[in-house]
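S.K.: Sequence:
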Amino acid sequence: MKQSGVMPWWKALRIRPEILDTSGSIADVQMSLYHAVYGAGDQRPQYADASYYGEITHPTGALTDLLARIAIRLGGGAEYGKVPALLRLDQGMGGGKSHACIGAYHLGADPLKLAKTDVGQAVFQHAETILGRPLPKNLDNPHVVVLPCDNMTPGVTVHEQDGPAKNLHERFLWRLFEGNYSRYDAYREHFSNLSKISEAITSLGRPVLIIVDEIMNYFGNGLDGVGDETLTAQDQAFMRALLDAVTKTPRTAMLAVMIASDKDSISLSAEGASRRLDLERLLDRNGKPVGVHENDDFAAILRRRIFVKEPSREVIGATVRGFKETMDNVQWKTKVFDLLHAPWTAKFAEEVNRTYPFHPQLMHMAEQEWANRAGFQKVRSTIQVFAATVFALQQRGKAGSWAPLLIGPGDLPLSNTQVRESIIGSGLISDTKTQNNYRSLAQNDIVGVTDASGTARLMDTSRGTDGSALWQHSNPRAAERAATAIFLTSIVSGRSQGRRGATDAEVKAATAVPDPAYMFADADSITKDLTDPETGLVSIEVTPGQKGHPTRYFLSTEQTLLMLQRAMRDTITDAERDTVIADFAEHLTETGPFDRKLFVRASTEGETPLEVLAGAGIDDARASRLVVLDPAQFTLRNGADRATRDAIQAAVGLGDDKLPARWASSAVFVVANTQQRHAARRVATHYLAAERVLGVQETQDDPDMKAKATVERNEAKRSLETHVKRAFQHILFLAQPDDDAARVVDEVTIDGKTETALDGMTVWKALVEKGKAFDQGTFTAKALLHNLRESDYGRPLDELRDSFWNTPRLPLLHGGQNDLRQALFDAVQLGILRIVNGENEDVAVTGVSEINLSSQRLRVGKPLPPSGDDTVPDRDGGESQKDPLPGDETDTDQTPDDVDTDESPVPQEKQLAFSVTQSMLNNTGNSEALSQLFRQLYLMVDNGDVSFLQGSIQMVVNAHTADGLVESVRALGSSVHIRDM
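Each number in the working numbering comes from the position in the sequence shown (counting from 1) with 625 added on.
Calculated from the structure, these hints are not laboratory results. Ideal Cβ placement from N, Cα and C applies to all residues, glycine included. Treat the hints with care, as some may be off.
Unchecked claim - Taking lysine to any residue pairs in the SDA-like style, the calculated list, with each CA pair at most 20 Å apart, reads:
hint	residue 1	residue 2
1	K707	P875
2	K1407	R1351
3	K738	Q671
4	K1023	R639
5	K1487	S1416
6	K873	G830
7	K873	K934
8	K1407	D1570
9	K934	P642
10	K958	K972
11	K741	K707
12	K1153	E1166
13	K1331	E1183
14	K707	K913
15	K821	P875
16	K762	E680
17	K1058	V1163
Stated by the list, open to error - Derived DEER-like restraints, expressed as beta-carbon distance ranges:
hint	residue 1	residue 2	range
18	P1141	A687	36 to 44 Å
19	P1362	Q1557	23 to 31 Å
20	Q671	S937	20 to 28 Å
21	A687	G1073	55 to 63 Å
Work the whole structure out from these sequences, hints included.
M.R.: The following block contains the structure:
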């Protein structure tokens, strides 16, 4: 499969057949000098052949120099002394020591064949540079003596290799003389004689190479286990003499392998440690420590070991150009690659040439971080990981699935068992328990063994189904790649400056692909998904960036708060979640001007919303009620609210299933929004989980964790309060605009971001705007008269009182009965109303408390018509009638012939009620008529001809004029609701 027109590496390169044959597992990656020399049949590895060894070995500078010095010592003739005789390899495990020993063995045992390989040619050329002349290709036919101490048991010999020998000196002689017993016997007793050992070597008449592998395997616990003091003394004496003898013997070279004490994890007895110290002193005195390779050699070593031949420059160049387009993008450059502060970003093309098909970011990690880990077996571990990765990705590519054009830190397929186990067993993770934890973490949080599970993997597969990502075809494993990069940096404890995990830039860089459709914003979205506390990686810990330090991500195997919360979330039932929302809603409800609040709980026994409201006791006499409905059963919007609407309609006495409801007008229902309920439920689950985490024993036992859990719980509580408040947006009530209109359930929706319907004051203000309620201090005597009908005169006070709670056309009173009592008293004092008895006789009222609203005897009466004595002089000196009062129903259209003007005075005020609904769009006539109406109303207000005004106006206006109108309304002391259209 080609991506961006570039030939992929799995087509451009050919994997070595032995890797393909073992499905990515290099069986002989841990080379053995013993098997290379003494192996037979199935036990003889391919690298026992000098030609194959040359094929898979990259001639690093250090290895070439080591073998060239041995070659000079053997084939340099009289100039053998230009190089040291004793060379020591002291690297830790996996550092390439065995590989170097086998190279030295082939150099001495078969120099002609090795000379034909790349590594052989490099060795002879380098030797010529040092010596100033070429060496003979056969190196004067040297003899090689191999003492593989990791395969030799003290006191127990192998007849085929050791003949009659018992101690290490005798084994050396038997190999030196190739089984010639007489010659062996001549020197057998001289185990500690330096000159005799040198004489024995010289007696061969040819150069001699001595290779002693893993000395401490023999001289450490090996000799301790035998318990033979004589043997121990003889072997120690021999090795001391040998280390001295080789330096004094012409044309003799010795390569000794003894890991430095600070790199060797072997545990020794006091005697063993003493022997090590003795030998180290001799090696330091007589020998020269040498290396096999540098960390920068990893890329070339890997490519040589895994692939048959070098890649073409054309393929590499095309790959570089594709990635450079992404790296040079402004956002990618400034927000990701510049923040890496890695040398490879500045010389990307050069680095890709060196590391292809591996991404420089991955190679930099292997060379500069993995290789410096004490337990990491350097080349050996790296080859295992990379070979398994290459094979697994090649199989994907050949099958037509996606595989990266450059293998980066996010591209090691953890779903592949070979890859995962190579990483976990590489030595990067120190102990078995942590290895097991990371194994489980990789499968659960990143990708499962079937490649169809794991949190990150499921993010990718779900994104692929909705078609929302234009880059899905070029980066279908973006979340998995980011999570894998974090995984690789997390298993290396103590990265640069002791920091843990990956930086934000490192994670995003690991997801980059040569496709302009995949932008920085997409990478940012991926990291947000992975770190989401509810749906992201369970094990992830986020360290926020501060003081110039970047945000970091770390996958922790410890039981973190996030892990505990995830575990607790799984235990929370839907019922528990909804109950805590109801508890919070009930607690957060403020009555405000309402007489009382009523929280109606959802049914737990399968009752319908209508049945729940029927049994809730909503209908309550002479009390304004704020009725809050449990969002577990009652919500509005999202097209699934019919049951809620029908239940509320029935509760106020409307519809086919109407319930008995005498006081429905004074019940105001508060209902949650369906979509906002979903958000509140999510937060409620988080809150309950945080609450439970705080209560578990392991949290209580850990002061640090307890403190963090407390903060987390408190934050979750505040968040839940906010979301519950935000959910309650809808206010419903029984309305009747006028006597002739039908009763309906009206609705107000408030802005949930700034207000909540759980606040009674907010609800009351909304009702005032709709004309359903009086604001504080606005129910005056004239407001009372405005709302009275002809039928109200002569009604008992208790009936008039009740009408303000059971008649939908009458607004609710802010101060309840106190407001009504005060308005009646003020009206009586103004002479615009009377309080009368059943016989229409005036009842004296000298104080507000004297108005008994519970009385059936007292009534409201119209003011009496003025008598003749009530006239006053007019301006012309004549008589004029006393001002008539509002509420008088005299027909002003009657002519003087129809009525006696002395008995029917003309009223001073008239009550007007009208409604206007007009569309101004493309209708200039309507606009002019409405303008004229408002101008006339303006003049009336300006001239003082309006004594009382009540109502609400809803209009759709030009956006640029709205702000000015809002300011004017608020200056009047009224509230205003505004929303975008």
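S.K.: Hints first: check each against the structure and report whether it holds.
M.R.: Hints and how they fare:
Among the hinted pairs, K707 with P875 is consistent with the structure: their alpha-carbon atoms are about 11 Å apart, no more than 20 Å. Of the supplied pair hints, the one linking K1407 and R1351 is violated, its CA atoms being roughly 38 Å apart against a limit of 20 Å. Between K738 and Q671 the CA atoms are separated by roughly 15 Å; this keeps the pair inside 20 Å, and the hint holds. For the hint linking K1023 to R639, the alpha-carbon distance of about 12 Å falls within 20 Å, and the restraint holds.
Proposed proximity of K1487 and S1416 is supported: the alpha carbons are some 11 Å apart, at most 20 Å. Among the hinted pairs, K873 with G830 is consistent with the structure: their alpha-carbon atoms are about 15 Å apart, no more than 20 Å. In summary, the hint linking K873 to K934 is not supported, as the alpha carbons are separated by about 44 Å, beyond the 20 Å threshold. Between K1407 and D1570, the direct Cα distance comes to roughly 14 Å. Compliance with the 20 Å bound is thereby established for this hinted pair.
Between K934 and P642, the direct Cα distance comes to roughly 12 Å. Compliance with the 20 Å bound is thereby established for this hinted pair. With a C-alpha separation of about 14 Å, the suggested pair K958 and K972 falls inside the 20 Å cut-off, and the hint holds. A hinted pair counts as satisfied when its Cα atoms are at most 20 Å apart, and K741 with K707 does not qualify at roughly 25 Å. With a C-alpha separation of about 13 Å, the suggested pair K1153 and E1166 falls inside the 20 Å cut-off, and the hint holds.
The suggested pairing of K1331 with E1183 holds, with an alpha-carbon distance near 15 Å, which does not exceed 20 Å. For the suggested pair K707 and K913, the alpha carbons sit about 13 Å apart, so the restraint of at most 20 Å is met. About 14 Å separates the Cα atoms of K821 and P875, which keeps this hinted pair within 20 Å; it holds. Distance restraint check for K762 and E680: the Cα-Cα separation of roughly 19 Å lies within the 20 Å cut-off, and the hinted pair is therefore satisfied.
As the CA atoms of K1058 and V1163 are separated by approximately 19 Å, the hinted pair is consistent with the 20 Å bound. Between P1141 and A687 the beta carbon distance is about 43 Å. The supplied range of 36 to 44 Å therefore holds. Remark: the range hint 23 to 31 Å for P1362 to Q1557 is upheld by a beta-carbon distance near 24 Å. In this structure the hint that Q671 and S937 lie 20 to 28 Å apart at CB holds, the actual value being about 27 Å.
Checked against the given bound of 55 to 63 Å, the beta carbons of A687 and G1073, roughly 42 Å apart, lie outside it.
In the structure shown, a violation is registered for the earlier hints numbered 2, 7, 11 and 21, in ascending order.
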